[in-house]
Every structure is written in structure tokens, then in C-alpha cells.
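Colleague: Following the hints, position chain A against chain Z.
In order, the protein sequences belong to chains Z and A. Position 42 (the first sequence) corresponds to 42 in this note's numbering; numbering is contiguous. Position 154 (the second sequence) corresponds to 154 in this note's numbering; numbering is contiguous.
Rather than coming from a laboratory, the hints here were simulated on the basis of the structure. Don't take each hint at face value.
[To be verified] Straight-line alpha carbon distances no greater than 25 Å define the calculated SDA-like cross-link-like pairs of lysine to any residue that follow:
1) A:K277 <-> A:Q54
2) Z:K25 <-> A:F82
3) A:K226 <-> Z:V35
4) A:K312 <-> Z:M34
5) A:K226 <-> Z:E32
6) Z:K25 <-> A:N244
7) A:K147 <-> Z:Q18
8) A:K310 <-> A:P269
9) A:K22 <-> A:N370
10) A:K218 <-> Z:G85
11) A:K224 <-> Z:L8
12) A:K148 <-> A:E85
13) A:K108 <-> Z:G85
14) A:K49 <-> Z:W19
15) A:K224 <-> Z:G85
16) A:K224 <-> Z:G33
17) A:K226 <-> Z:A13
[Claimed, not checked] Have a look at the derived ranges for each label pair, beta carbon to beta carbon:
18) Z:R52 <-> A:T106: 31 to 39 Å
19) A:K212 <-> Z:K64: 44 to 52 Å
20) Z:Q23 <-> A:P168: 37 to 45 Å
21) Z:K64 <-> A:T40: 53 to 61 Å
22) A:D102 <-> Z:D49: 26 to 34 Å
For glycine and all other residues, C-beta sits at the position ideal for the given N, C-alpha and C.
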Amino acid sequence: MTINPDQLIHFSALHRLQWEEAQQKYVILYPEGMVELNQSSAEILKLCDGSRDLSAIVAELEEKFAANDLTNDILNFLNVALQHGWIEQH
Amino acid sequence: MAGSNNINITPPRWLLAELSYKCPLQCPYCSNPLDYAKYTEELSTDDWKRVLSQARNMGAVQLGFSGGEPLTRQDLPELVAFARELGYYTNLITSGYGLTEDKIITLKQAGLDHIQVSIQASSQELNDHIAGTETFLQKQEVAGLVKKHGYPMVLCVVLHRQNIHQMPQILSMAEKLGADYLELANTQYYGWAHLNRDALLPTREQFLIAEKIAQSFKETVAGKMKIYYVVPDFYEDRPKACMNGWGSTFLTIAPDGLALPCHSARELPGLDCPNVKDFSVEQIWNESKAFNFFRGDDWMQEPCRSCDEKHKDFGGCRCQAYLLNGDMFSTDPVCSKSSQRYRIDEAIETASELALSAGEKPLVFRNSKNSKLFNI
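Extracted from the complex, chain A is given alone in its bound form:
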């Protein structure tokens, strides 16, 4: 594997196990790659167990079972039990689709620590439209069952222009369902969300109104419900500290075994991301070209290189720099110090114009048929 380096490497703490790209939902902001349909191969149960053991030995402790829809894997309870035995805190990140009470009980017995259920909107009509599947009523029921069986209940709502006006209703829904945590995740524009950005990006005014409502709700429910608020970086003037720094904390394993420093990194050119079928997690984390690519700050260009905030945000997101600037080494265009900031401002302006016009762009839903259009 590629070279050595002098950077002090910290061990992984978070392992995101994307068990499958299969998903019964079709959310148009999905973070999976556009061409996911071509990766049909999935790791075996034994492959996953080996990965879980190796990452745990290095110090990974938070484990997310994600996808796609992780419930499509029949060996999920077996993997949960294995992971729990190793001492992971196990998170199931699910659409709730197909999650029966029997499965909830089985997973509890296997040692699952927490279930995060996504809901697409506060009304059935909009939820089912965005999800591309009739799921609203089942999700409500699942949320109740998660509580009933003693799991911490995390409700996740991804926010964008199609649902951000429902903020007050979303908050009261979370309260009614008894959520212990509410994740209000402003859409991050990668994968399908990038493709659908013109129809998803809220206007500045919509965002500010929603944020104010969420902020005051946060104070009201303090002590009862915790709010995780994922900021919309387009409306910030400094980039997010993406992944807490490249190769510092997060390890994503895609369904086919590709090891990624973040879940979008598959899109970046020339990283040669390694596969867990060929290398151990330790080799991948410490020695691979991909995981060392943006470690430290030697790779930085100006204005990052001489910036006194570079150790705070690590230059922002590499995938966003690549997607928007066409240069993965450049400063995240969100940063007001970037000469490319105009790209963000133009995106905001375009989205605002479309929001005010009658001619909204149709959403491209995340499904195999659409994915195959990108399968070149």
C-alpha cells in the first residue's frame, strides 16, 4: 500500500457500516452515490464481522448500521449481537420501513442500543411524496414501538425547501412521538441532493425563519429532548469541519467493502480507496493512500495554507470543493475567503428565483432506474 507519513495518526472512533445500497425509499437528497446501482455486490456476514473486530481493536466505539436501508440485510441481528459483544455502541439508522415489533424485539435482545427513524415531513402527503413510498403511517407506528421497547428514540428529519415550512409541525410531531433526540439535518448537497439542489435549497429567509423556530423550541424542551441541528453550510461563511478532519475519527465502509474517509469520498478522483476484502482496517487506516491523502495540512492551497483557522475547519469539505470548484485541493467554496464563494451565492440565487417562480424543477428520485442513467 502507498507510502508512509509523519503525521500523528489518531485511531478511528466512528465506524459507519453501510450494509446495503438497497432501499425501499427514494429520497431525492440521498447521500449515496448517483451510480449506486452498479455496486451490486455486498460484503458477506463474515467480512463484516472481521471489519467490526478490526476496527474495534483500533478503538472504534460508535457504530452506525446504515445504508441504503440496513434492514434489507437478513443478518442484521447477528451483526448487532456480534458488535454489541465487542463493546460497540450500536446505532441503527433506518427508514423504519419493514421494522415490525418482532424485529424491534429481536434487535433489542441482540443488544442494539439505539434506533434512529427518519421522517420526511410532518404530513402524510408530503412525507410519502418525498420518500417516494407510502411510509408515513408506518414510521409513526415504528417511532412508538421504539419508545415502547426502551430504546432512546431519535427522530431524524432532513430539511430542505420542500418541507422547511413545516418546521413548527415537525417539532410538535417530535414532541408528540416522545422523541428523546431530534435531529434536524439541513440537507448537505452531495450525491442525489447535489443533483436536486435547485429544488431543495431553501431561500435565506426560509432558512432563517426555520432556524429561529427550532432555536426557541430547543429552549422549551431543554431537559426533555435534545436537538441535534445540522447547519446548512451554504448559509455560513466558514466551512464545516468536515468529518472532524480527514482520517481523524470517521471510517465508512460501503456495501461493497470500499473503505472511505467520508461517505462521499467515492466520488473523488485518484484516491484509490482500498477495499476491506484486500486489506485490514489497520492497514487501511494507517497506511492507505486514501486515508493519508488529506491528513494534516501539507495538501492545502491558499487561502487555507496561511489561514489561522485551518486547524478549526481543516479547509472544509473535500467533496464539496471537488463538486463545486472541480478541484478537491481547493478551499471549500462555502468559505468567504475563497475566490470561489460566488458559486455558493449563485446556487442560492438560482434556488431563490426558482422558489419564487411557478416553474419548480421536478425532483429526480433516488431509485435504481434513475441510478442506471449515471451508470457509465
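Pulled out of the complex, with its shape left as it was, chain Z reads as follows:
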């Protein structure tokens, strides 16, 4: 299961992405579980709202962080996220 670059990326309906004030970080919540996210993972997942595909996410983050060549890092993380069921494509 890998990211299809031609499809939009949605955040999973069975998970919740949320800022946790007490932890000062984003977390993913799901039945009886929680994953704490580092800043870059959170920045990527926040853009997985069903309105962007891979290249749109890359473009937006490269602009935001004044960086280029982020494609591989982002794709690697998105593949991991897909395998965990945090995001989906349909």
C-alpha cells in the first residue's frame, strides 16, 4: 500500500488529529490509543484534508519552510501514515 500521486489525500475518518495544549504537540487519537507527533509530521498531516494530492502538499510545505527537495521525506512519511491507517485515498 503506497501513496497514489494522482489521488487526493484524506485524513482517516476513524482517527482524530488534535493539538494538545498540555503536551504542546499534535497527537493522533484513535480507539484507546494515541500517537504523539513531531512538528514536521504534524505539518504534513494537517494538509491531508481531502483537498490536496501529493504534489500540492509538497508545494505548500516547500513554500512554507522555504525549502526544496522535500518530496522524498514527505512521501516516505505519507506512506508510513497510510500503512498506519491515519490517512486514506479513495
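Modeller: For chain A alone, coordinates are given in the frame of chain Z:
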């Protein structure tokens, strides 16, 4: 409240709200205390709201509504809505009994995130026998409705000698019902399960066969269904890291408002567990005697004290040490380094002999009548 301490206290992350000890089911492995029937008082809606707010302010984020059967509380939708508004991830841990489609919709609108339905076995006859109530067909229906209304569906099956042979059927049932998560929870022997241990503990062979089947199923359904496998610690040689360490992560509030570092801690002597009607959650978590009792490792005896694994399993479970060794400061007898390990081995042997003999012990079901026998 009792003293101070120098240990670095981490905030609670999990709040287990045991709303009521009332339950229409009678499962003989229930983790509620044997004498639950004497605690008839329940917190009010306002008490619960105060507790939810205080714990959330400290950083609790996972919230389990449990019991007993949490659906017996008429204010459940109100509490769910309140909790969701605070930002909790809200889990309903239910038998499914009395969960109509209307209630499922109401709870969804209130913001409930997830429903975990327990099923006692893969066949109607055995399910209804273990539950002590005719519930099998309704549970199947509820599982379907949970899916239909867009909740992640978690099926929970507690495993023991009476149903562990059904592992293949349990797995195909979970697949057929479309479970997103399947919790295969080997019985933990506290409360009613401790009382019924001789009739519930599987033999080593039964356990190994079931585990192998579950393991291969896990690979088959990878990506579709997640399996939570709760290991049977009697068949391990190191204890579980109970509660992720005492007073580190988990906070249980019993129906009468007693704050517990784990849901069995009421049984431990001399903890003086505080009540949320008398103290704030912050006072309870940071300052109470009960929550500081087994924090850190100063309380440990040998072999834990000098053990290089003590920060991995925290000496195991205090309730198990108390129930089996009669000493809550001792090493969990599951540990092969414990001089008390023979108690576990004897329990396994006794259960195996009974399993092979014709004379199975009758189960003592969890109900008010039986509970009152312990109400001394």
C-alpha cells in the same frame, strides 16, 4: 492530604470513568470488586463534569466510559457531549445491552468517538451462558449499527478456558462483523476472575494453540483490522508493566467517586484512596498517599530492587502481588525471579488438572446476589 515526594510526576493521560457498577450481564471474569453491591452511591452528573474538566486540564485525553454498564446512566449523552467539548477522545466500553439505534445516533450527535462492544463467545449458546443473559443476537446487531453510523468498531472478546477453543470462529466472526479493531483480551485474574480462576485459566497447550491462530490471523488482516492482544501474564516469565507504572498515566474513578491508580486498587489495604467528592483531581494525582504509594522504586523489595529490568515492568502488578503473595510490596509472582513463582505454576497445574477431569468447578456469576456474599 498525605506528604510530598521528590519523584517527577507525569500528568494523567487516560481517565477511566466507571459510571456505574450496575450491569445486566453477569460475566464471571468481571474486574469489578467482589463486593461491588455495597457501593450503591453514584456520582452526580455535576460531580462527573467537574472530574472531567479537572482531569482534562491536567492533560488527560483518552476517556473511557465504563462500568458496570455505562448505558445504565441516563446522563451518558450529556457527559459524552461535555467530554467531547473539552477535547477528550471518548470511548464507550459497553456490553451493547440496551444500545438501540436511537441511542447510537444520539451518542454520535453528542460527539462520541468510538464504541467498543464486548462479545463473550462466537456461539449464541456459549455467549449467553457466560454473559448470564441472552445477549448474543443483540450484540451482533449492535456491532452492525456501530459500523453503520461511522464509528470505529472495536470488538472485545475476553478469552478463558470456556471459550478459547473458539478462537478460529471468534476471528471469523470479527471479520464478518467488519471490526476495525479486535481486542483479544486474555483474562486477567482479579476480582471475579480471581474467584473463578480454576474454571477460567486455560491450559498452556490451549493458550499456545489459540495464540498461534491469532498471530497468523493478524498477518492475514493487516491493513484491514488491527488486533490488540492482551497477553495472559501467567504464561509469561516477566510481569506486565502494569498501568504503565503506578500513578504515571492512568486514573480510574469508581462509580462512588473513589479515585484509583488502577481499577483493582480498591482491594489493596492501607492506601486510603481519596474520593473526588473531597479533593480535586490535581490534589489526588499529585499529593494523595494512594497515588504516590508505588511511584518510583523506593518501595521495591528484592529481587526488584536490584533488578536491571525494574524500569521496564515496575515490579509488575501490585494487586497481583497482594492477591497471590499476600504482600503488595513483593515482586509480581509472575516473574521467574520471584521466590513466589510457584504460586502461578500451581495455579496453572490445578487448572490443567481440572480441565482434563470431568468435574469442572461451576462458575460463580457476577451479580448482586453473589456480591452480597462478600459484603462483610
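Colleague: What hint numbers does the structure not satisfy?
Modeller: none
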